[in-house]
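Trainee: Sequence:
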Amino acid sequence: MKKDIHPENYRLVVFKDMTNEYSFVTRSCAPSTETIEWEDGAEYPLVKLDISHKSHPFFTGKEQYVDTAGRIDKFKNRYARHMKK
Numbered sequence: 017m018k019k020d021i022h023p024e025n026y027r028l029v030v031f032k033d034m035t036n037e038y039s040f041v042t043r044s045c046a047p048s049t050e051t052i053e054w055e056d057g058a059e060y061p062l063v064k065l066d067i068s069h070k071s072h073p074f075f076t077g078k079e080q081y082v083d084t085a086g087r088i089d090k091f092k093n094r095y096a097r098h099m100k101k
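Residue numbers for the sequence shown follow my numbering, beginning at 17 and rising by one.
A portion of the hints provided could be inaccurate.
Unchecked claim - Calculated pairs, DSBU-like style, for lysine-lysine (alpha carbon to alpha carbon, straight line, at most 30 Å): (1) Lys-92 / Lys-64; (2) Lys-32 / Lys-64; (3) Lys-70 / Lys-32; (4) Lys-90 / Lys-64; (5) Lys-32 / Lys-90.
Keep in mind the hints are simulated off the structure, nothing from the lab.
Work out the full structure, taking the sequences as your base and the hints as a guide.
Mentor: This is the structure we're talking about:
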């Protein structure tokens with residue numbers, strides 16, 4: 017293994033899936049400016065996720081339709097002139 021290529025600042029971090037409010041704690045060096053109080057009473061850095069294994073269709077077996085901020089409508093409006101009628 018190469019030396020001095022891995023970060024030294026691993027710590028416990030809470031990752032929160034924003035689509036279904038699922039949270040879990042693991043060791044990470046991901047940067048975060050927010051914190052959250054965990055079930056054990058300690059405060060940990062918080063990293064918000066758009067999708068996790070609890071909400072991804074591959075792992076859940078069911079497809080979920082999530083359209084945050086109308087992405088499909090924005091796309092259609094932006095490229096409407098290129099679409100055939």
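Trainee: Take the hints in turn and mark each one as holding or not.
Mentor: Tested hints:
Annotation: proposed proximity of Lys-92 to Lys-64 holds, straight-line Cα distance about 28 Å (limit 30 Å). A threshold of 30 Å between alpha carbons decides the hint, and for Lys-32 with Lys-64 the separation of about 5 Å falls inside it, so the pair holds. The straight-line distance between the Cα atoms of Lys-70 and Lys-32 is roughly 11 Å, inside the 30 Å bound, and the hint therefore holds. The straight-line distance between the Cα atoms of Lys-90 and Lys-64 is roughly 24 Å, inside the 30 Å bound, and the hint therefore holds.
Straight-line distance between C-alpha atoms of Lys-32 and Lys-90 comes to about 27 Å, which keeps the hinted pair within the 30 Å bound.
Hint violations for this structure: none, all hints satisfied.
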